[in-house]
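Participant: Residue numbers (my numbering), protein chains in the order written: chain A, 17 to 532; chain B, 1237 to 1474; chain C, 26 to 357.
Not one of these hints is a red herring.
To give a feel for the contact side, a few chain C residues facing chain A, derived at Cβ under 7 angstroms:
#: 1; residue: 150
#: 2; residue: 157
#: 3; residue: 167
#: 4; residue: 334
#: 5; residue: 338
#: 6; residue: 349
Calculated directly from the structure, the hints in this document are not laboratory data. Backbone N, C-alpha and C define an ideal beta-carbon position, used for all residues, glycine too.
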Amino acid sequence: MVERFVFARIQRIPDSTLRSLADRLARLVLDNWFFALAFVLLWRFPYIVADLSGSQVKPSRPTGDSAFWQSEMARALALACLAMSYNLLFGFSGIISFGHALYFGAGGYITFILMGHYDAGLQHKALVVVLLVTLGLALFSRLRARALVVVTLIGVLLVLLLLPAEGAISFWQAAAVALLLSIVVSLTSGVVTLRVRGIYFAMFTLALAEVFWVLAKSGTFRSYTGAEDGLAFRSLLPEALNVTPTADGSRLTMYRWTVIFFAVIFLAIRRYMSSPVGRVMLAIRDNEERAQTIGYHTLFYKVLTMVFAGAVATLSGLLFVIWATDKIVHPDTLSLTYTVDPLLNTLIGGVGTLTGPVIATLGLHLGETYLRNETFTLGTRVFGLLAVWQLIALAVAGALVWVFRRSLTRLGQRLVSAEPRTPRYGRLMLAYRAGVFVVLAAALLWIGSQLRGETEAVYNVADLWDLFLGALFVVVVMVLPHGIVGTWNRLWATRRLRQLERQMRKERESVGTRKT
Amino acid sequence: MSAAPDNILEVENIHTFIGEFHILEGVSVSVPRGSITVLLGRNGAGKTTTLRSIIGLTPPRSGEIRFNGQPLRGKRPHTIAQMGIGYVPEKRIIFRDLTVAQNLQIAERKKGDLAGKADFIFGLFPDLKRLYHLPGGHLSGGQQQMLAVARALVADNDLLLIDEPSEGLAPVIIEQMMGAIRQLSARTTVLLVEQNFQVASHLAERYVIIEEGVSVHAGLMADLVNDPELIKTTLGVA
Amino acid sequence: MHSYFAHLSPQHRRSWLLVVAYVAALLAISLADFGANTAGQTMFRGVLLGMLIFLVASGLSLIFGLLDVLNFAQGAFLLIGAYVGYDVYLRVDGSADVRFLAAIASGVAFVALIGAIMEMGLIRPLYERPVFQLVLTFGLGAIFLDLVERYYGADPKQPLAPPTLLNDNFSLFGQSLSYYRLFIIILGIVMMIGVFLLLNRTRIGIIIRAGVQDPEMVQALGINVRRVFTLVFVLGAGLAALGGIALVPYQGATLGMGNQFLILAIVVIVIGGMGSFEGTAIASIVVGLTRAVAEQLSLAHFNAPVLAETSVLLLMIVVLLVQPNGLFGRGD
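Sequences and hints are given; from them, build the entire structure.
Facilitator: Take a look at the structure:
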């Protein structure tokens, strides 16, 4: 409605150049007002928290709500970038990776290992490597002489720039090397394994990430990685990036840089998605063979996306680790945890949507932090050791649902407004049946606990959070495959469609009456 | 006054969707008991989809299907098959890694089905006896087609749905196949899909023409054969 | 037997040759590098590991072959089997034999139940959405791992006493080994033969093999494929659980064992060919031997686990490059 008003007014501008300018401006604002608002909110977040909690934005010591939440929000933003990179692969291109954590953890590990163990001879060794790589490419790939020369020159240039011949390596150089290595790994592994069916790629990524995780944890490399205790980098971090001091505004500045980083990544991914490359990726996701027959070298595009996603993950990982309070790179940044996390957030938020993973990540992580110390009571011991009588109660609930399944289905069909045998019908019926089971089970468990005189039990949210995430995951996969944002978008789209249909019908009727 | 025909299969105005594509937009077929009926039509008209709708592999979204008076729509394919319908899909789909024997054994619905029909089957397709222990993938195209049809004969099926039995077969084999189908039609009703009009006209007693997902014409084959105009317009075949 | 080799495709024949050559090479390297005794011990350990991997991989292969689902929760099945078996072993009163049998029975039964519920309730509704099926099994694997950790704690469980019959030692290649290790190998062989017989001599086995090729046609023949799917899933889960419990007297139970074996199993079915049962069996031994030899080599020369971890991965990459659908795969 606002749109119609604005564009109607614009149409009345007499001067054509002014009109087109106003049109572009209006479109820019109307399409992006949400993001602009979000950015402003994020930017002002420390002050908002300070106002709500009565703490200081730049306290003399790193305590107080505002300072705490700056750190938490920054970490959540880094994780949101990770989720966006995962969405780029999975949601947008249909590439399933079960080893994304490799790139995430690599950021921190490579940067600080390099800084901690730099030796001037590395530059020479790296030059040799570049030459060998060029030789290998010359022999085994189809690159022409000109391309090879360019590759060698770029390689040599990078080595000279990033790996100093004497002295120590700076943080920025090390970070650039980490980024580069991540690109190289994703490039080579992509070229090798993205040719085959997606399932092989998924398995390969899982195995690769596991290998590096084991290596990072292993005691043999303790001097490099710190093994299970992790890599301490307090001494290696440049002062400018130290987030601990709050009085001089270091933390606040770092927070703002993080918000900017997040915005840049967000816009970059958005640009990528709407670019011609992005459109090809969509085509590949829908039907790779067809894209190939049209003439696209799908491998190139898939590898490109893989490299981009890996790079974003590496940068996010480095940022994430900088915000760690203990200034240690833990091996779990390479573990499944940081593959499952973006996967979960992408699914819950909405596979293929831009804002979905961000909203899910921020919501879930900040929510967990906020509720961490909360407890709640339940009238019955639902979790924990399942007593025999509870198992029996669950079995009875299951049996009842099974025995009465036909009448339940009939009832369900009247409630569910979808055509039978369509996917949506299947999902809704499933949700309905699951809901019936849960209600029945809860009722039986409650009755049982009353009969046995069980007292209330107190639960920590922190203990149950993972369980909650797991349940949420299952629910989303089964019933809400488009995630929260995705379903929301679809609802809106259906609403728009109905509006348009009504409009068209009205117009047709008015035309019809006019004719007669 | 002739008695009302005893139709073993009644398909009434079914609409079938594959994904969002509206493939069948109103197909009706009546198959009298004991007859050989053929579905004719151009490529992509929806003939295969009709058979698949009957057996339940692509279930129709609306319409009615009745087999021996029993409704079929909404039932799962294995339930439909168990009611006595045998399905022979196009392209000679047999289980290539299983032997001929295993291909036939898997089609048994009751113990002793194969033993009881062995003579009949080997009578129709003597080659299969010779090849009994070979993996299906080692058979020639014609032999595979015979196996595919034979498999549908193992259990007690009152209706056979056969999709393009002559496709890609040498003329001599086609003759053999036609003879076999004629013989088995004595025991079971056959609903055939056949692109090859020669084969169709020599085998079937009745026809139904399907065009762009709609059944447009039905009748006796004898009448169709004598009407070259109709043949040309509906089938594009001179 | 003869008919098996006679009917092999040229690709499979070549794969057999490659496998034999590779194993011979491994043997040669071991003999040259470690000497006869250690080489023998390494080979034995390799076969042992191969059998354990086979138990997990066979389930994975069957489930993938028939249901077209790569069950990333298979490792979790092994894990749950191990922990539940461990738990029951400690709770039951009686001799080591009784406890062991009770552990096996309860572990397998419990995991089978979980598998059945998982297949019927969660995987079946997702048949039209294979991507989500994959993601679901992966997520469930992570959830199960978390539940086990929550319930049993993160500390590794010590190996339990094997049944009295097997508690003795025997001497092999200069090392004194528990009979229990032999038991694991024999268990693996028995399972191999058992599954082979199931697939080739029973009606249900024929249905499974037919279903791997064309589940629609099997339905059209009047067979309720869905029930067969559930059966296969439960069978696969049970085999993994068996592997898990078998490990407990040998290595104890740790939280990482699930994923460890999952990855090895994945490598096995990639190398052996997805959906090919004999490929799984052969590849299991190959991978087991590779791992054992690589471990021994790293121990002897580098004192680092790098080689062992990456050896198997490298093997998978090589096979993927040379024969993308596995050594005994079906070329889909």
